[in-house]
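Engineer: What follows is each chain in one-letter form.
Number of protein chains: 4
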Amino acid sequence: MEGVAMNRTQGFGHRYWAIAEGFIPGWSSGPKPQMESHETLCFLNTSDIDANVSVYIYYSEREPSGPYRITVPARRTLHQRINELKYPQPVPRSTDYACFIESDTPIVVQHTRLDSRQAENALISTIAYHSEQI
Amino acid sequence: MEGVAMNRTQGFGHRYWAIAEGFIPGWSSGPKPQMESHETLCFLNTSDIDANVSVYIYYSEREPSGPYRITVPARRTLHQRINELKYPQPVPRSTDYACFIESDTPIVVQHTRLDSRQAENALISTIAYHSEQI
Amino acid sequence: MEGVAMNRTQGFGHRYWAIAEGFIPGWSSGPKPQMESHETLCFLNTSDIDANVSVYIYYSEREPSGPYRITVPARRTLHQRINELKYPQPVPRSTDYACFIESDTPIVVQHTRLDSRQAENALISTIAYHSEQI
Amino acid sequence: MEGVAMNRTQGFGHRYWAIAEGFIPGWSSGPKPQMESHETLCFLNTSDIDANVSVYIYYSEREPSGPYRITVPARRTLHQRINELKYPQPVPRSTDYACFIESDTPIVVQHTRLDSRQAENALISTIAYHSEQI
Numbered sequence: 006m007e008g009v010a011m012n013r014t015q016g017f018g019h020r021y022w023a024i025a026e027g028f029i030p031g032w033s034s035g036p037k038p039q040m041e042s043h044e045t046l047c048f049l050n051t052s053d054i055d056a057n058v059s060v061y062i063y064y065s066e067r068e069p070s071g072p073y074r075i076t077v078p079a080r081r082t083l084h085q086r087i088n089e090l091k092y093p094q095p096v097p098r099s100t101d102y103a104c105f106i107e108s109d110t111p112i113v114v115q116h117t118r119l120d121s122r123q124a125e126n127a128l129i130s131t132i133a134y135h136s137e138q139i
Numbered sequence: 006m007e008g009v010a011m012n013r014t015q016g017f018g019h020r021y022w023a024i025a026e027g028f029i030p031g032w033s034s035g036p037k038p039q040m041e042s043h044e045t046l047c048f049l050n051t052s053d054i055d056a057n058v059s060v061y062i063y064y065s066e067r068e069p070s071g072p073y074r075i076t077v078p079a080r081r082t083l084h085q086r087i088n089e090l091k092y093p094q095p096v097p098r099s100t101d102y103a104c105f106i107e108s109d110t111p112i113v114v115q116h117t118r119l120d121s122r123q124a125e126n127a128l129i130s131t132i133a134y135h136s137e138q139i
Numbered sequence: 006m007e008g009v010a011m012n013r014t015q016g017f018g019h020r021y022w023a024i025a026e027g028f029i030p031g032w033s034s035g036p037k038p039q040m041e042s043h044e045t046l047c048f049l050n051t052s053d054i055d056a057n058v059s060v061y062i063y064y065s066e067r068e069p070s071g072p073y074r075i076t077v078p079a080r081r082t083l084h085q086r087i088n089e090l091k092y093p094q095p096v097p098r099s100t101d102y103a104c105f106i107e108s109d110t111p112i113v114v115q116h117t118r119l120d121s122r123q124a125e126n127a128l129i130s131t132i133a134y135h136s137e138q139i
Numbered sequence: 006m007e008g009v010a011m012n013r014t015q016g017f018g019h020r021y022w023a024i025a026e027g028f029i030p031g032w033s034s035g036p037k038p039q040m041e042s043h044e045t046l047c048f049l050n051t052s053d054i055d056a057n058v059s060v061y062i063y064y065s066e067r068e069p070s071g072p073y074r075i076t077v078p079a080r081r082t083l084h085q086r087i088n089e090l091k092y093p094q095p096v097p098r099s100t101d102y103a104c105f106i107e108s109d110t111p112i113v114v115q116h117t118r119l120d121s122r123q124a125e126n127a128l129i130s131t132i133a134y135h136s137e138q139i
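Taken in order, these protein sequences are the chains called A, B, C and D.
Sequence positions in the first sequence follow our numbering and run 6 to 139.
Sequence positions in the second sequence follow our numbering and run 6 to 139.
Sequence positions in the third sequence follow our numbering and run 6 to 139.
Sequence positions in the fourth sequence follow our numbering and run 6 to 139.
Honestly, the hints are just simulated from the structure, not real lab data.
No residue lacks a Cβ here, since even glycine has one placed at the ideal position from N, Cα and C.
Just so you know, not all the hints are guaranteed correct.
[Stated by the list, open to error] With a cut-off of at most 25 Å between alpha-carbon atoms, the simulated SDA-like pairs for lysine to any residue come out as follows:
#  : chain 1 : residue 1 : chain 2 : residue 2
1  : A       : K37       : A       : H84
2  : B       : K37       : A       : T100
3  : C       : K37       : B       : K91
4  : C       : K37       : B       : G35
5  : D       : K37       : C       : Y64
6  : B       : K91       : B       : P38
7  : A       : K37       : D       : S34
8  : D       : K37       : C       : V96
9  : B       : K37       : B       : Y92
10 : D       : K37       : C       : E66
11 : B       : K91       : B       : T76
12 : A       : K91       : D       : E66
13 : B       : K37       : A       : H84
14 : A       : K91       : A       : N57
15 : B       : K37       : A       : N57
16 : C       : K37       : D       : P36
17 : B       : K37       : A       : I29
18 : B       : K91       : A       : E66
[Stated by the list, open to error] Partial chain B-side listing against chain A, Cβ under 7 Å, derived:
#  : residue
19 : I29
20 : C47
21 : L49
22 : I54
23 : N57
24 : R80
25 : R81
26 : H84
27 : V113
28 : Q115
29 : T131
Start from the sequences, fold in the hints, and give me the full structure.
Structural biologist: Here it is in C-alpha cells:
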C-alpha cells in the first residue's frame, strides 16, 4: 500500500475525547449478537505504534470508575462494545453514564448505539467530542 | 481510581454550546417513561467543582425564554430531559425550538431525541456545537 | 430574560457551513406533514440582528444552483424544510445533493432528515461542518 | 449563479478526514438499490478544480488496504457507496473497519449508513472527523 497513510508514525487525531450520552438499553429483540442492544466505542489508530487507551465512566449518582485499559494496535481499528468491559467493573444496563477517553498517541473516536428494545432497531452514531486542552 | 481524569480540577470541554434542531414530538407509543417521545441534554462535568449551567430556549415566533438553571455536580453526568424543564416555563410540544447553553466551567454537551410517534422508535444524537467565541 | 444570551449582539456560531449528505426521499408513508419524508436546515441566530443567509445546492451531475435566500430573524430559530425551497428552483427528489451555506452574521446550522419510505420513520441529524476559512 | 460560492477557487473544507465506525451490514430487506444495506462517503467539492481523493480502509485484524482513488469534480458532490469500491479490493461485509481520507484540495466529508437488516431501515450519519494536522 502506497501513500501518506503508510508513512505517518505520529498518527491522526486527538488524545482526549468524551461522550456525554451513554445508556445501554436494558433489553433486546432479534438475533444475538448482531441485534443485541449495545453501545460501541470505535477507535482508529493510523499510527505505527500501539495506542494505550484509558476509558473512564462517569455516572449521575456515584463516583466515576476506571480506568478501563484498551490497546488499539498500530494501523488498526478496534470496535469495543461497552457491554463487554469487565475490569474494574461492568457498566450497568439501563443506567445513564458518560465517558472520558485518553490515549498516549492521537486516535479518532466514534460512539454508536444499537437499540433493539423494539422489534426494529434504532441506531445513533457521532464522532466524539475532542479537544487538545485538558 | 487512578489517572489523569482524577487530577484535573479545570474540567474538559467548552463553556458555550448550542443545538439548532429542537422538537419534542407531540405524541408517543410504547411504555413510559422509556419509550415516551423526548429530547435530552446530556452533560458531562469531569471537573472537581459543580458546573452551574444556564439553558436558553429560542423559538421561531416569539422571544427566547430562560435561563433554565441546572447544576451538574462535580465528576458527574446529568441527562436532563427537556420535557421535564418547568421554570421559568415548560417547553411546548410539537414546536420548533433551539437552545443555547452556557456553563461557568467547561463541560461537554450532547443532544438526543427519541421519537416514538410510530410503533418503532427513531433516535438521533449529536455532540452540540461549541465555540470559545462569544 | 436575564443573562449573557440577552446581551450579545454579535451572535454565536460561524458564518460558513456545509452539509455533504443531501437526499430527499422520493416517497413517504404516514400522515402529512409530520411524517412526510423531508430534509430540514435548522438555523439558530442568537444575535440582535437579522441574519441574511444564502444557501447553494451542489449536485453530482450539473452545475450548482442558488443562492436560495433565507432570513433568520434576530433571537430566533428557523427550521427550513429543503422540500419547500422554490426560488430559483425546487430541489429535486431522489437526487444526491449537498449544500453550502453563508450568513452575514454568525449562526449555528444543523441538518436533519426524516425518511418515511417504510412504515416506520428513520431519522438522522448532525451539526453541519463549519470553518472560518473560505 | 451569483455570490461567494461562485468565486472561490480554493474550496471549503479540510484535506484530511477519518471515520472510526465502519460496518456494511451483511444482509438487507426491501427493494434494491434504495433499501439495500450500505455505507456511503459523501464528498462536497465547492472549489473550481477537481479533487483527487485517496481512501484507506483500516481493519481490526489485518493490514490496511488502499488507496482507493476517487475524483470529485469541481463544483460537485459525490456520494460514493463503499459497497461499490472494487480496486484494489472490495470491502468485506459484516466486518469492522474504519477509513482515513486525504484529498489534494479542501473538501467536506460525511458518512452515512442505511441498515435494512430488519423490515424497517435504520439510518446514521455524521460529519467525519477532520484535522489540519497530520
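Engineer: Hint by hint, say whether it matches the structure.
Structural biologist: Now the hints, each set against the structure:
Distance check on the hinted pair: K37(A) and H84(A) sit about 17 Å apart at the alpha-carbon level, within 25 Å; holds. A threshold of 25 Å between alpha carbons decides the hint, and for K37(B) with T100(A) the separation of about 16 Å falls inside it, so the pair holds. Proposed proximity of K37(C) and K91(B) is contradicted: the alpha carbons are some 30 Å apart, above 25 Å. Pair hint K37(C) plus G35(B) holds up; C-alpha atoms about 22 Å apart against a cutoff of 25 Å.
With a CA separation close to 22 Å, the supplied pair K37(D) and Y64(C) stays within the 25 Å bound. Annotation: proposed proximity of K91(B) to P38(B) holds, straight-line Cα distance about 18 Å (limit 25 Å). Only pairs whose Cα atoms come within 25 Å are accepted, and K37(A) paired with S34(D) is accepted, the gap being roughly 18 Å. Straight-line distance between C-alpha atoms of K37(D) and V96(C) comes to about 23 Å, which keeps the hinted pair within the 25 Å bound.
Distance restraint check for K37(B) and Y92(B): the Cα-Cα separation of roughly 23 Å lies within the 25 Å cut-off, and the hinted pair is therefore satisfied. Proximity of K37(D) to E66(C) is assessed by CA-CA distance (about 22 Å); at most 25 Å being required, the pair is judged to hold. For the suggested pair K91(B) and T76(B), the alpha carbons sit about 15 Å apart, so the restraint of at most 25 Å is met. With a C-alpha separation of about 22 Å, the suggested pair K91(A) and E66(D) falls inside the 25 Å cut-off, and the hint holds.
Restraint check for K37(B) and H84(A): not satisfied, since their Cα atoms lie roughly 32 Å apart, outside the 25 Å limit. Taking the CA atoms of K91(A) and N57(A), the gap is near 17 Å; set against the 25 Å cutoff, the hint holds. Taking the CA atoms of K37(B) and N57(A), the gap is near 41 Å; set against the 25 Å cutoff, the hint is violated. For the given pair, K37(C) sits about 23 Å from P36(D) by alpha-carbon distance, which is consistent with the 25 Å threshold.
Straight-line distance between C-alpha atoms of K37(B) and I29(A) comes to about 17 Å, which keeps the hinted pair within the 25 Å bound. Between K91(B) and E66(A), the direct Cα distance comes to roughly 22 Å. Compliance with the 25 Å bound is thereby established for this hinted pair. For I29(B), the interface hint is violated, the least distance from its beta-carbon to any beta-carbon of chain A being 17 Å, above 7 Å. Using the Cβ-Cβ criterion of 7 Å, the hint placing C47(B) at the interface with chain A is satisfied: the shortest such distance is roughly 4 Å.
Taken as an interface hint, L49(B) checks out: its beta carbon lies about 4 Å from the nearest beta carbon of chain A, inside 7 Å. At its closest, the beta carbon of I54(B) sits 15 Å from a beta carbon of chain A; the interface hint therefore is violated under the 7 Å criterion. Because the smallest distance between the Cβ of N57(B) and any Cβ of chain A comes to about 17 Å, over 7 Å, the interface hint for this residue is violated. Restraint check, R80(B) versus chain A: the minimum CB separation of about 6 Å is within 7 Å; hint holds.
At its closest, the beta carbon of R81(B) sits 6 Å from a beta carbon of chain A; the interface hint therefore holds under the 7 Å criterion. Annotation: H84(B) was flagged as interfacial toward chain A, and the flag holds, the nearest CB pair being 4 Å apart, inside 7 Å. For V113(B), the interface hint holds, since its Cβ comes within 7 Å of a Cβ in chain A; the closest pair sits about 5 Å apart. Hint status for Q115(B): holds, given a least beta-carbon distance of 4 Å to chain A, under 7 Å.
Hint status for T131(B) relative to chain A: holds, with the closest Cβ pair at about 5 Å, below 7 Å.
Violated hints, in rising order: 3, 13, 15, 19, 22 and 23; the structure is consistent with all others.
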